[in-house]
Amino acid sequence: QAAVGLIRQMRLTRRNREGVILPNSVTYVNAIAQCRKASFNDDPISAFDMAMYVLGLARDERNGEGIDLNIFVYSASIWMAEAVGDYETAVHLLREMKCPPNGICYDGVISALGQSGLHREAFYFYYEMRHLGLPASRKTYQQLVFALDNTRDPELSASCQKKAALLEGVLSTMPENDRRIEIGGPLFESLIKNHGNANDAGTSYPAAKMAFDLIAGPVNDACLSAMLRVCSSVDPVKWEEAIMILHSSDIVDKARGPGLVSRRALSCAVVACAKADQWEEALNLIELYGNQGNSERSGVVSRASINSLIRACGRSARPDIAVQLLNDMSVRYGVEPDEVSYRIAIIACNQAEHRERREMGCHNSDVGPVLAWWECALSLFRRMREDGIKPSLQSFSSVVSACEAAGQWQRALGG
Numbered sequence: 001q002a003a004v005g006l007i008r009q010m011r012l013t014r015r016n017r018e019g020v021i022l023p024n025s026v027t028y029v030n031a032i033a034q035c036r037k038a039s040f041n042d043d044p045i046s047a048f049d050m051a052m053y054v055l056g057l058a059r060d061e062r063n064g065e066g067i068d069l070n071i072f073v074y075s076a077s078i079w080m081a082e083a084v085g086d087y088e089t090a091v092h093l094l095r096e097m098k099c100p101p102n103g104i105c106y107d108g109v110i111s112a113l114g115q116s117g118l119h120r121e122a123f124y125f126y127y128e129m130r131h132l133g134l135p136a137s138r139k140t141y142q143q144l145v146f147a148l149d150n151t152r153d154p155e156l157s158a159s160c161q162k163k164a165a166l167l168e169g170v171l172s173t174m175p176e177n178d179r180r181i182e183i184g185g186p187l188f189e190s191l192i193k194n195h196g197n198a199n200d201a202g203t204s205y206p207a208a209k210m211a212f213d214l215i216a217g218p219v220n221d222a223c224l225s226a227m228l229r230v231c232s233s234v235d236p237v238k239w240e241e242a243i244m245i246l247h248s249s250d251i252v253d254k255a256r257g258p259g260l261v262s263r264r265a266l267s268c269a270v271v272a273c274a275k276a277d278q279w280e281e282a283l284n285l286i287e288l289y290g291n292q293g294n295s296e297r298s299g300v301v302s303r304a305s306i307n308s309l310i311r312a313c314g315r316s317a318r319p320d321i322a323v324q325l326l327n328d329m330s331v332r333y334g335v336e337p338d339e340v341s342y343r344i345a346i347i348a349c350n351q352a353e354h355r356e357r358r359e360m361g362c363h364n365s366d367v368g369p370v371l372a373w374w375e376c377a378l379s380l381f382r383r384m385r386e387d388g389i390k391p392s393l394q395s396f397s398s399v400v401s402a403c404e405a406a407g408q409w410q411r412a413l414g415g
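Quick note on our numbering: the sequence shown kicks off at 1 and runs consecutively.
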């Protein structure tokens, strides 16, 4: 309001005075920008009305005194309309422009359309912008991705394949410079994720990898993690490919030191290996990437990745490694165990107890098992309760099952 008040005073005092400061295009741009800022804190509709009033004053100046109603005035006005989600006004202002628009103007229109869930219109203006020879920015691709994710079309919203097809169309005409992660990163990340989420066993991984390989120059953490997550989600799991991608990617973004991978990317690769029961490979990755530049190993990988690794050890008949991982979570890996961590370790102990009892029966041995896995399961059960973690029904049943297999039903009742 103060900014608009100053413009009014400048307009009213212009006549019959020497040395008066007249409003120009910069004056109007700054006033509209102040209205946009106010829209985030105050009443957005009032701020928008005030900005359109200022634009009307600028139009009067252009008609009466010859003020230059330039691209800066229009881009500020378009982004004011974007701030309140008024895509109709944003489009109208773009079409009203007498001067050639720039990418900033188109970004505002695309963003306003995306907020309203109009993905078709957003893509239309993107292609129109490229037809005019205007360069796209990182924000352009961010807004295109948002328009897809926020679409009103329920069929498109539910189809990752259709989203990927639209993004592939953009990628097919993307200049080489835009394929750098600094500009086209948001589009590549979304495209890789949508290919992975399509759940097509035959095409999900190849399509995602093809998009990943089209990135010009070093990739970033977001795209690397998205690609590694695809490796872990397809069937069969691409654990060898995940390791190769991790080894061959030059990642510094959000890493703990120069040339190191991020916690998120390492976690995704560990999950891929664990799902394929390649727990030794997963541990090698943690040793290789998790120990560098982080002497205290704080937050090396996520809890979910360690849980996945514990589960893989249980499936691989290595309850000793599963229990060791659980014990090392806090100190060595920087994450606290949860109910899932304890449960899957207890299940591994229960399965080991049953397996050793079966083996003893097959060999008619009178010698008991070397390790009493039922005691280990019972110990973990007690520890999780001491840590304030409520056991699940499956944890209860696994402990009871282990004690029963060892003939320790009294301990099961008292545990």
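These are calculated hints, taken from the structure and not from any lab test. Here the structure is a predicted model, which means the values were calculated and not measured. One should not assume that every hint holds.
[Said to hold, decoys possible] DSS-like, lysine-lysine: derived pairs with alpha carbons at most 27 Å apart:
hint : residue 1 : residue 2
1    : K37       : K162
2    : K162      : K139
3    : K209      : K139
4    : K162      : K98
5    : K162      : K209
Handout entry: Numbered hints the structure breaks, given as an ascending list
Key = 1 and 4
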